[in-house]
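*Asks:* Chains as they are written, first to last, in this note's numbering: chain A, 8 to 342; chain B, 146 to 421; chain C, 101 to 381.
Please note that the accuracy of each hint is not assured.
Unchecked claim - Below, computed lysine-lysine pairings styled on BS3-like, alpha-carbon distance capped at 25 Å:
#1 Lys-108(A) - Lys-194(C)
#2 Lys-186(A) - Lys-196(A)
#3 Lys-106(A) - Lys-341(A)
#4 Lys-186(A) - Lys-34(A)
#5 Lys-278(B) - Lys-342(A)
#6 Lys-236(C) - Lys-259(A)
#7 Lys-62(A) - Lys-275(A)
#8 Lys-236(C) - Lys-34(A)
#9 Lys-411(B) - Lys-341(A)
#10 Lys-278(B) - Lys-139(A)
#11 Lys-236(C) - Lys-106(A)
#12 Lys-411(B) - Lys-194(C)
#13 Lys-278(B) - Lys-196(A)
#14 Lys-240(B) - Lys-364(C)
#15 Lys-68(A) - Lys-364(C)
#16 Lys-240(B) - Lys-149(A)
Calculated directly from the structure, the hints in this document are not laboratory data.
Predicted model, so just to flag it, every value in this text is computed and none were measured.
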Amino acid sequence: MSGKRFPLLLAAALSLAATSAWADEAKTLLNVSYDPTRELYQEFNAAFAKDWQTKTGQPVKVNQSHGGSGKQARAVIDGLEADVVTLALAYDIDAIAEKAKTINADWQNRLAYNSAPYTSTIVFLVRKGNPKGIKDWDDLTKPGVQVITPNPKTSGGARWNHLAAWGYALNKWNNDPAKAEDFLTAIYKNVPVLDSGARGALTTFAQRGIGDVFLSWENEAILANREFGDGFETVVPSLSILAEPPVAVVDKVVDRHGTRAQAEAYVKFLYSSQGQEIAARNHYRPRDPEVAKKYATDFPSVRLFTINDVFGGWQKAQKEHFADGGIFDRIIAKK
Amino acid sequence: MMARPPNLRVIPGFDTTLGLTLALLSLVVLLPLAALVLKAAGLGVAQWLAIVTDPRVLASFRLSFGGAAIAAGLNGIFGLLVAWVLVRYRFPGRKLVDAFIDLPFALPTAVAGIALTALYAPNGWVGQFLPFKVAFTPLGAMLAMVFIGIPFVVRTVEPVLQDLESELEEAAACLGASRAQTFARVILPVIAPALLTGISLAFARAVGEYGSVIFIAGNMPGVSEIAPLLIVTKLEQFDYVGATAIATLMLGLSFALLLAINLLQKWNRQRMGAAS
Amino acid sequence: MSNHPAIRDPAWVRVALIAAALAFLGLFLVLPLAAVLAEALRKGLDSYARALAAPDTLAAIRLTLLVAAIAVPVNVVFGLSASWAIAKFDFRGKALLVSFIDLPFSVSPVISGLIYVLLFGAQGVLGPWLAEHDVKIVFAIPGIVLATIFVTFPFVARELIPLMEEQGRDEEEAALTLGAGGLRTLWSVTLPNVKWGLLYGVLLCNARAMGEFGAVSVVSGHIRGLTNTMPLHVEILYNEYDFVGAFAVASLLALLALVTLGAKSALEWVHRDQLAATRRH
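Chain A with its partners taken away, still in its complex shape (with noise of 0.2 Å):
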């Protein structure tokens, strides 16, 4: 390497640096998700992609994005540019609309279903034969009984895993939060691990063996039924909660790539009984009633509450629950 050449391989280094931010191809979407939706947008994206392509003769791509669903709203704010947001709550969406603006304020009331074209609910895994015998939230609580959950400030899954417990609470103590808290306070004392994100928190219980119980997006113990043999079986509790994933169009970014026609024929494409099929058979729960009639069988019935209903949205709950000082941390500095 010659002294000369410094200042040359500087200047190359430095050009290539600026200008390769990724060349706009034809028409292409970025979905931005959290991390248990991987299987059905993979099968979504292709369906969608073939669709669009006998629909108007264009070509289309979804490029998919991954990652704890706080995170990826964050990403979004700071600029990752995403066409299409398809998060595990409507918080992070709202965090969005409310922080980068480049999502219209009412954006939830823009699709069916306040815009959750598919929902889950809250389950347990437990080891085969429950040896624990565990069977509904109560359980959780007993002395030896070892839950796994991931932390719910960096988790949506378990922000829904405790909204659930909670819920239960109230049902059972007739409303009295004092109770509630008391009850998730004996349900954290038997978490050993806070996994900062669902899927890491199933690594740490199916293949670390840590826990008797994990609580689990509905979807993702199918999952894990299939992916780590037959060494699971799935308890389905008396009361849970009705967890709706909400999708969006980001407006400001697809005006500027020209791509909302496409944006928004993907988050309706959702609600088609196509769509709605790829989602019931990566067991998300559809909300096409021919389409849950023909799935019925793979999705048990359970009485199921809504956030509305019982926390009055997710800008109350987060608040009251998962902000700094909140529930979570008075139980957490209780433990």
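Position chains B and C against the provided structure of chain A, taking the given hints into account.
*Replies:* For chains B and C alone, kept in the frame of chain A given last:
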């Protein structure tokens, strides 16, 4: 060394190289760090103090700094041992072992964390034989911190040991010093600065470590939660200011440590220079 | 070396120390690597090869090579100029400057990613201006390159500074007095003296550039096939329960590092006489 008035420079390129150095340093390191400090400056002192003295934050600092101190200490002992063995002894596979030392630099920290967790989990290759829990306890965090810090001590001590004049040791031996005395009185003082540098670099690296620790630590607030995880936790709640408050404190402490070492080294060089 | 009887350790000391060192390295270095390899090869060589040939994996490998190809030369330029300025001249604030160069070693990867987001992100200091001019830095390749340069920043400089300091200024001064130009002196006097340190610094810098996870994770955006480097791709595959794929990519990174370091050892051995000469100069 001959004292030289600074204005009589024979060697050219001072302006160019220092200019280039400062330019790149500013662009890559200083400017982005300034953005961090700027963000945290949005907080008043009282608010900043309130955030960093929260019991959970304090507990995480205790683990990050305490764990890193223990890990760096272990690395100091074993790093010196490994460097000694690699420089002084000949045994089959020595070159291979030498090449292995830098592995923690190359292996992505997440992979290291996953591999260590798999090994030291209660059902892992090693964990199943241990009478106590390692993975998912603060001990696990320290294990990961030891792993990522291994190269620092070995690589700083190795060259100094190589350059050590054997005459000194021979002289000590001739004067009747035992091997242990020679080590403590002759060898250790010479390698001490390098050893200290290595230990402090390993310490500084372990304090900030995130990728490998989160897999193995268990992340229980107040028990096995490290400071960088708290930064991430704050970010997940879109609390940028709170995150930068913790980040600036970590940054300030790391920088103070590095500055102290470099001043110590400079002083040591001057002392040695004056002595010779 | 240590073949002089007066300073030779007794055999039992030697054996005990070697055993202790190897046990430590075995427990902390070799076993984790073995675990990675065992997972990668769990389903046989076929699966291993298939995992590495997947299009997204190849894209990640390409991106990682590109990032290293930019970050390493930048750090070589920086390392040479910083070590020249610091080792060949006296000026005030040297310890401060060296501490700033060291700083990326000790900054948490979480923070190293965050600072670029705070500076270049949409809500950051320069964000609005960048958006106006349609320049993408974070969540695109420039951000990944910057974060990588940041974490590998001290490697070459740190390797060269002590070496150049130790070698002093006499040789350069002699060359210059004899009429050689500055660059000529750098090329034919200084570089030959420090080439082993430089090579080692480059290798470490390269290994770390390819292996960085935390900082890059913050600025990447994790777009499959586009902004995923190898370490990020490992995490993605792991989270998809594709353990063979994840550990196959991880083992590739580890092997890459071992091969380059092995090559360095071999080179050193071939040139050992020359090396001994420069060390003793």
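*Asks:* Failing hints, ascending?
*Replies:* 1, 3, 4, 9, 15, 16
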